[in-house]
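From first to last, the protein sequence lines stand for chains A and B. For the first sequence, position 39 matches number 39 in my numbering, and the numbering has no gaps at all. For the second sequence, position 319 matches number 319 in my numbering, and the numbering has no gaps at all.
For the record, the hints were derived by calculation from the structure and aren't laboratory data. Careful, some of the hints might be misleading.
Given that identical chains are not distinguished, each listed pair holds provided it fits within a single copy or across any two copies.
Stated by the list, open to error - Quick list of in silico lysine to any residue cross-link-like pairs, SDA-like style, CA-CA up to 25 Å: (1) Lys350 x Ala92; (2) Lys350 x Ala203; (3) Lys171 x Ala41; (4) Lys350 x Thr292; (5) Lys398 x Thr279; (6) Lys398 x Gly363.
All figures in this text were calculated on a predicted structure; none of them were measured in a lab.
Number of protein chains: 2
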Amino acid sequence: MAVGPETVSQVIHPVAGVRIGIAEAGIRKKNRRDLVVFELAPGSTVAATFTKNQFCAAPVRVAKEHLAAGAPRLWLVNTGCANAGTGEPGLADARESCAALAKIVGVQAREVLPFSTGVIGERLPMDRLVAGLPAAVANLRADAWLDAAHGIMTTDTRPKLSSLQVEIGGKPVTITGISKGAGMICPNMATMLSYVCTDAVVARDDLQAWLAASVDQSFNRITIDGDTSTNDACVLAATGAAGVIIPARGPAADAFRAALDTVMRELAQAIVRDGEGATKFVTVDVVGGRDTQECLAVAYTIAHSPLVKTALFASDPNWGRILACVGRAGLPDLDVAQVDIWLGDVCIVKDGGVSPAYTEARGAAVMQQEEITIRVELARGGARDRVYTTDLSFDYVKINAEYRT
Amino acid sequence: MAVGPETVSQVIHPVAGVRIGIAEAGIRKKNRRDLVVFELAPGSTVAATFTKNQFCAAPVRVAKEHLAAGAPRLWLVNTGCANAGTGEPGLADARESCAALAKIVGVQAREVLPFSTGVIGERLPMDRLVAGLPAAVANLRADAWLDAAHGIMTTDTRPKLSSLQVEIGGKPVTITGISKGAGMICPNMATMLSYVCTDAVVARDDLQAWLAASVDQSFNRITIDGDTSTNDACVLAATGAAGVIIPARGPAADAFRAALDTVMRELAQAIVRDGEGATKFVTVDVVGGRDTQECLAVAYTIAHSPLVKTALFASDPNWGRILACVGRAGLPDLDVAQVDIWLGDVCIVKDGGVSPAYTEARGAAVMQQEEITIRVELARGGARDRVYTTDLSFDYVKINAEYRT
């Protein structure tokens, strides 16, 4: 199951300066694309954000080291095994995989960033991974974004891409990205995994700052099950091949950042739409809070509530469960008599009680829809924020009770 | 489904000074016991704890007022309707139901404490509730505890009782209680609903202090779905009919409190065992924390994780999901290389990585059991705490997607 149209972007624009190679290495299962290599043109700048889970995976630690050491030229991604909870041997595996790829391509090991996704707690099958590298390198080409989106999938049911071309200073600039993830999704910094590239020229510090801001409004605003992964990573490269220089501020920076935010939001929302067992795409909008933090506290309490999520699955306008979430979100001296709650364009709670105009039929009509907005109006300040989430279905339990078997 | 033996206490001792009457009022469904009246002997002391959900129900607000106003003589409990999210009309309904019962029995309305459980956001059917009161009062008798436990059930599949008789100063003292609840269970102060009575003589301030301490180690340590209810209440009465005076401290107080804690813990655990769709009873034990708060942060992160809960349902020793929870629980400067994790008596994670002695077969053997202990050793301090929870099954989704229909 998945919610909404599969292809967010109708056209996937290749990014000049980026080539992608895919291979079937048999990491976990045979006849499955499970190894993806990105090659960046010399001089590319790279920014990244990683999970804040303290049990972060070995590849996350190595990627951070290599990113600090210099300018990455290659990204190496495997599925089927997360290489997390594997201690020192896992770290050695991550380093060795970088060295093996670097040797084939003729760069330094520190110019490779490793990424892994899959089951936690198992060692990487290094022999099969290394054996798959030559095929991936031999396949490097510019128009392999869709294949790459397939190549990084695990419990995802469909590939996730977003691509935009905008004119900046009269010249076209491309931003294209892919993402994956359907479970263990409540990113705190970035989600597992997203790769975005542009052909603009962007200084590394600007790239990092803009990526962090963009992640905060996209991947850091989605949740499927509240479980922050050990492997989350979001990486952004600017190859400069378009020759368009994006300065730190001004109209060009604004245009570039707006395009980047759009691509990132689409990639993040694509993860929610393909959430494990998802039958609904739900936007939780909280307005009128004293600050962003309390808006998010209310929004996440609703988005993580198994009772709200099962009611969404049942298309049941059981709004008492939403109201109970607002009441337990921990807001200091909340005046519940000021709270309004909307389901789509139907006001269900007015001044803390059932809205006089509300009827079960009107609530049910909204809940039948595939895309639903829950809006909470706190009426105690000017802050607002929103998160995106899914329902909780039989298939969510099925997928997670059967994963690994 | 439910986990473990149904009857925690083999013998239910009536409590001298307490009579209970049950009626079928047809609040929500016909031919169902849905109205319970407790009558306390004059001079009884009463203590109570209530939900901290800010959208607390009308009966919770009225019960607090009446408790502050004097010595309660009656408790009035209905199922089928929570009278929450009902605004001023709901408050008026709660007051009117107290007045109606008071008139029949010949006491003041403020001597009645009202309690409701069921669907949120609907008005109480006052005509049917009031019409049911005379039958409940006519049925008042001392040995109706089991009937009362049935009479307060909603999605519960079985009644929950605990009863103890202990000798204090050479005389028998009885403590008997009932509880209900299977969903929207993550009490923060007390759970919806628990009624405990003793025939000892206890001063009201002592009773309140001991109840609060006992709730904190019982009902405030269980979670089924992380959803704190709007109606949680736990009430404790001491009728004094046994003539045994329990002073504020000393051996008699210690003996009484130990017995009270046992009854409360059994009632709280009975709720977890009957958790919606539960197939497992899970104890999450966190030791070696710097303080209780961080032990609880880790324990609740594990207990609320849908990924851990579905793995428990599948009897799958997918310990990477537990490890990921420890990593995202927000402990400052956690040294993951110090963390050990145990499943029952099997060490699965040693020093932050897979234990050398661990085999999947040993983990699977523990996960097959109905009662499972997950123990996390943080090795950074002397604090410890534990919570009790359930798995997440197909039936949890079924129950909550179909409730109300």
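Verification of the hints:
Taking the shortest Cα distances, Lys350 and Ala92 sit within 25 Å of each other only across copies (18 Å), while inside one copy they are farther apart (59 Å). Taking the closest pair of Cα atoms, Lys350 and Ala203 never come within 25 Å of each other, the shortest separation being 50 Å inside a single copy and 43 Å across copies. In this homomeric assembly, Lys171 and Ala41 come within 25 Å of each other (Cα to Cα) only inside a single copy, at 20 Å, whereas the closest approach across copies is 87 Å. Taking the shortest Cα distances, Lys350 and Thr292 sit within 25 Å of each other inside one copy (22 Å), while across copies they are farther apart (39 Å).
In this assembly of identical chains, the alpha carbons of Lys398 and Thr279 lie at most 25 Å apart whether taken from the same copy (14 Å) or from different copies (15 Å). In this assembly of identical chains, the alpha carbons of Lys398 and Gly363 lie at most 25 Å apart only when taken from different copies (21 Å versus 29 Å within one copy).
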